[in-house]
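In order, the protein sequences belong to chains F and Z.
All the letters of the first sequence, read from the start, carry residue numbers 1 to 784 under my numbering.
All the letters of the second sequence, read from the start, carry residue numbers 785 to 931 under my numbering.
Treat the hints as calculated values from the structure; they're not laboratory data.
Among the hints, a few may not be true.
[Claimed, not checked] So the derived list for chain F, only partly shown, Cβ under 7 Å to chain Z, looks like this:
1) 277
2) 278
3) 282
4) 291
5) 293
6) 294
7) 297
8) 358
9) 363
10) 499
11) 595
12) 678
13) 681
[Said to hold, decoys possible] Far from chain Z, some chain F residues (derived; all Cβ distances over 10 Å):
14) 287
15) 300
16) 594
17) 699
18) 755
All residues carry an ideal CB built from backbone N, CA and C; glycine is no exception.
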Amino acid sequence: MSCDCNDKKVKLIGDNKTGFQTGNTEHTWDLQKLADSHKVLAEYKYELRPVHKGFAGRTLYIDLTSLQIKEIPVTEDMKKKFTGGRGFGLKMLWDTIKPETRWDSPENGLVLTAGPMAGSTQYPGFGKSLALSVSPSTDIICDSNAGGYFAPFMKFAGFDAVQIHGKATEDVVVLIDGEDGAVRIETAPFDETNSHMVAEQLTHYYAMEDTDRARQLVAVVAAGTGAENSFWGCLNISFYDIRRRVTRLKQHGRGGLGTVLRDKKIKAVVARTKPFDALTNNPVDPDKMADVSTRYHQEIRDLDKDQCNMRTVGTGHLVEIMDAYDLLPTENYRFGSHPKAFNLYSPHFYKLWTQVIPDGCWVGCTMACAKAVDGYTVMTGPYKGQKVTVDGPEYETLGCAANMSIWDPLWVLEFNFYCDTYGLDTISAGTAMAFYMEMYEYGILNKERCDGLELCFGNADAMMELLHKIAAGDKSEFMTAASRGARRMKDWLKTKNWGDAQLIEDTGMESKGLEYSEYVTKESLAMQGGYGLTLKGPQHDEAWLIFMDMVNNQIPTFADKAEALHYFPMWRTWFGLNGLCKLPWNDVEPTDNAQTDEPAKVPKHVQNYVDLQNAITGWNVDKEELILQSERCYNWQRAMAAWLGRGRRKDDWIPYRSMGPVTVLEYVSHQERYDKELVEKLGLDAKKVECMKVEDKIKVMYDYRQSQYQKLADAVYYRRGWTPNGVPTPQKMKSLGFGDETKMLAMLQQKIDEDDAAGLNVWVGEYADDEQPPSTDLKYWEKW
Amino acid sequence: MATVKLIRFSADKCTGCKECETACSGVHFKNDQGGEFSAIRIESTDSGFKMTNCNMCGLCIDMCPTQAIKRLPNGTVIRNKSMCVGCLSCVGFCPQGVFRKAPGESVPFKCIACGKCVKACPSGALELVEVELSEVEAVVYHKQGVC
Numbered sequence: 001m002s003c004d005c006n007d008k009k010v011k012l013i014g015d016n017k018t019g020f021q022t023g024n025t026e027h028t029w030d031l032q033k034l035a036d037s038h039k040v041l042a043e044y045k046y047e048l049r050p051v052h053k054g055f056a057g058r059t060l061y062i063d064l065t066s067l068q069i070k071e072i073p074v075t076e077d078m079k080k081k082f083t084g085g086r087g088f089g090l091k092m093l094w095d096t097i098k099p100e101t102r103w104d105s106p107e108n109g110l111v112l113t114a115g116p117m118a119g120s121t122q123y124p125g126f127g128k129s130l131a132l133s134v135s136p137s138t139d140i141i142c143d144s145n146a147g148g149y150f151a152p153f154m155k156f157a158g159f160d161a162v163q164i165h166g167k168a169t170e171d172v173v174v175l176i177d178g179e180d181g182a183v184r185i186e187t188a189p190f191d192e193t194n195s196h197m198v199a200e201q202l203t204h205y206y207a208m209e210d211t212d213r214a215r216q217l218v219a220v221v222a223a224g225t226g227a228e229n230s231f232w233g234c235l236n237i238s239f240y241d242i243r244r245r246v247t248r249l250k251q252h253g254r255g256g257l258g259t260v261l262r263d264k265k266i267k268a269v270v271a272r273t274k275p276f277d278a279l280t281n282n283p284v285d286p287d288k289m290a291d292v293s294t295r296y297h298q299e300i301r302d303l304d305k306d307q308c309n310m311r312t313v314g315t316g317h318l319v320e321i322m323d324a325y326d327l328l329p330t331e332n333y334r335f336g337s338h339p340k341a342f343n344l345y346s347p348h349f350y351k352l353w354t355q356v357i358p359d360g361c362w363v364g365c366t367m368a369c370a371k372a373v374d375g376y377t378v379m380t381g382p383y384k385g386q387k388v389t390v391d392g393p394e395y396e397t398l399g400c401a402a403n404m405s406i407w408d409p410l411w412v413l414e415f416n417f418y419c420d421t422y423g424l425d426t427i428s429a430g431t432a433m434a435f436y437m438e439m440y441e442y443g444i445l446n447k448e449r450c451d452g453l454e455l456c457f458g459n460a461d462a463m464m465e466l467l468h469k470i471a472a473g474d475k476s477e478f479m480t481a482a483s484r485g486a487r488r489m490k491d492w493l494k495t496k497n498w499g500d501a502q503l504i505e506d507t508g509m510e511s512k513g514l515e516y517s518e519y520v521t522k523e524s525l526a527m528q529g530g531y532g533l534t535l536k537g538p539q540h541d542e543a544w545l546i547f548m549d550m551v552n553n554q555i556p557t558f559a560d561k562a563e564a565l566h567y568f569p570m571w572r573t574w575f576g577l578n579g580l581c582k583l584p585w586n587d588v589e590p591t592d593n594a595q596t597d598e599p600a601k602v603p604k605h606v607q608n609y610v611d612l613q614n615a616i617t618g619w620n621v622d623k624e625e626l627i628l629q630s631e632r633c634y635n636w637q638r639a640m641a642a643w644l645g646r647g648r649r650k651d652d653w654i655p656y657r658s659m660g661p662v663t664v665l666e667y668v669s670h671q672e673r674y675d676k677e678l679v680e681k682l683g684l685d686a687k688k689v690e691c692m693k694v695e696d697k698i699k700v701m702y703d704y705r706q707s708q709y710q711k712l713a714d715a716v717y718y719r720r721g722w723t724p725n726g727v728p729t730p731q732k733m734k735s736l737g738f739g740d741e742t743k744m745l746a747m748l749q750q751k752i753d754e755d756d757a758a759g760l761n762v763w764v765g766e767y768a769d770d771e772q773p774p775s776t777d778l779k780y781w782e783k784w
Numbered sequence: 785m786a787t788v789k790l791i792r793f794s795a796d797k798c799t800g801c802k803e804c805e806t807a808c809s810g811v812h813f814k815n816d817q818g819g820e821f822s823a824i825r826i827e828s829t830d831s832g833f834k835m836t837n838c839n840m841c842g843l844c845i846d847m848c849p850t851q852a853i854k855r856l857p858n859g860t861v862i863r864n865k866s867m868c869v870g871c872l873s874c875v876g877f878c879p880q881g882v883f884r885k886a887p888g889e890s891v892p893f894k895c896i897a898c899g900k901c902v903k904a905c906p907s908g909a910l911e912l913v914e915v916e917l918s919e920v921e922a923v924v925y926h927k928q929g930v931c
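In isolation and in its complexed conformation, chain F is listed as follows (with noise of 0.2 Å):
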């Protein structure tokens, strides 16, 4: 084995005396045993090479079925076509799944990328790893992005994406070893499973010694148990906290990547690196890398501390601001506020995150958002008793809470922890269960259709105790539906005929099969294009448009909004093309950003952006390019869910309560605001509105609302250059640069010929007489 070093028991946890305690539970780990049972299955061993301008320059595909593993050179076609990170996972996929492949079929992949940025040690954010595959909530691609090391000690250690396929017959490690250039695929049958053990355990066994340092090259991807059992498995990405001597967690949350991982059965990816510096990443211009960045540093450091105070509370200060606003989902998304939302705040928290800056989930960033609470008291569970490090909670896991009605920090971090450790996604977990309460406060669901979990607003028991049978395995008719999300949890109640199918297709916060993020997007229709006109499926990573749209009114028009439902959504995406983490584009922002002529784009921090890719990579880019670089990548993504089988008009659709009042209590709630909009924009009569029935106002407002809605997806189909059902078309890849992809363009003909026989392509907005639909001519790309 190459961890004969780790020939002993080692104690972990509070094992050094001096510098800070956790006060955390010490687990021992018989490392002796572990390495015993690790049998290698299949070893290539590969020459180590420096990194050469950002990439390493070949990429690692492994097959668990056939153990095949080989490195595939990457292409100067592929930077220009692709860029990096999601974009190469992108075509990886493409490139060897099928129009039929499904998350659970052995030729789906799993595909982990580090962009040419990451890994660079200088600019905040430089450390993220994008993640994909077939996802099992929504049949498509799923891209996730987490922090943590794993994806600057890949490339370090040789690769700049791995991409695993097949399955394994039993539990497997997966090393990709730079210490000595061998990618290994071990077995594991004695490893733990759930992130928090498993990760630290393999830290400690593949550190190359018994030190802090050597724990600190070692980087582990897991899921766990909650992972097998649901469509809501994320992938854990661990860092070793070298102040709190803790492996750290950070999460690939969305789109099911967790239960991909599981189904292959793979309990951790392990990468290790030789020691770094800024060097490693070897940059064309390390002295351009040092000045923005040193600028970049000031700039935190003077401003941080006014504006988000990310380095104290991390994403956690937008409870408050939410909640002020009306856009903290409440009670399933019914409210944007609430009575106890104060219980949430930052304050409440900042008491109990442990503040042992630096609390960056890469090296170098000063952002410094990852706060953790450390020796927290485990409530329930198979760790109940246990003394624990809780990353988090970030602002989505206090939404969820919020979202449950759960106002208790403390539940709150054992949601956090147990949802982590059992590889869940917090986000997915927190929308469907509050969509569940919802329906268990109508009937639709109850105790005994619940297995017995009074599963009602507010009842922390019932919902730990929900997830600790999932994670269990339980597979009865409810636990099934349950694990599956809120897309199957509705067609299992449509089935079974428990309620209004309406009200449960209007309630169910979910697209594409993907549960919504934590932002109420009612009185936003930008946001709620940005939630739905999206590729993946709700998610804010795309845009995030409220404050633009409904509190500063920057957008009123549909093309207005479109342009930023262009713009945004490809900036956005070139974080994750890159290796790069968004929040330090404008989670700090300069002193004079709101003089400059487009304050929403932070045009000084793009320019910082603009830099370091040329001086990294040695391209001579402009910011327009690096939007061209998104687009690239974007369309490709949108039309490879046309490929497989979905990505048009129709999954687009969003549900009701993201647009709109569905029930009386939410339109009596609001009921000023949505009189008004009765008479100011739908032009009814005042007097009118105040005679009509609350329910026929809702039926006016949903008309209405469905209507806006369906213009605004014209027009941002027609701002993509996208055919009116929802497709890139042949002309627009070609001006991409994708002419000579002839597999992908007559694939994408033949999609809108389809579409065509199916009358399917034309503008659904209805278009009052003086309005205008985007193009008369329907087929407006042909002219291009």
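Assemble the complex: chain F is given as a structure, and chain Z must be docked to it using the hints.
Only chain Z this time, still in chain F's reference frame:
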């Protein structure tokens, strides 16, 4: 009583010859270029010469993600080159602006209170003094990095 050695500057004695910078760059980079290669810097201002150099406050200790920066038992704050990953957190966050990165180097550097600049100064403008640590030490979370 814990103490720490610092470089103290007497502006009225400084002639701006920058022999101190030359000596400093010799210590850190084995060259005589001074300037960007020197931890200590002398600049001319309207009110006379001004020195910028580390005051050993130790705030940088907390900024380092790899614990490459420590305060030695003698009080001096030092950077361990082999542990440094060149993230420049210390450079960006130093309140004095005296944690520096030289051109072409991958890791930053700072004054180690070696006193070479004091010896090199022909006019006696610099001296190595010992002060109580409590006078200069900045707030350090959980006293991390203390040997």
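These are the hints, each one checked on the structure:
no., hint, result
1, 277, "holds, 5 Å"
2, 278, "holds, 3 Å"
3, 282, "violated, 11 Å"
4, 291, "violated, 9 Å"
5, 293, "holds, 5 Å"
6, 294, "holds, 5 Å"
7, 297, "holds, 2 Å"
8, 358, "holds, 5 Å"
9, 363, "holds, 4 Å"
10, 499, "violated, 52 Å"
11, 595, "violated, 24 Å"
12, 678, "violated, 53 Å"
13, 681, "violated, 49 Å"
14, 287, "violated, 6 Å"
15, 300, "violated, 7 Å"
16, 594, "holds, 23 Å"
17, 699, "holds, 57 Å"
18, 755, "holds, 51 Å"
In terms of the numbered hints stated before, the structure departs from hints 3, 4, 10, 11, 12, 13, 14, 15, listed from lowest to highest.
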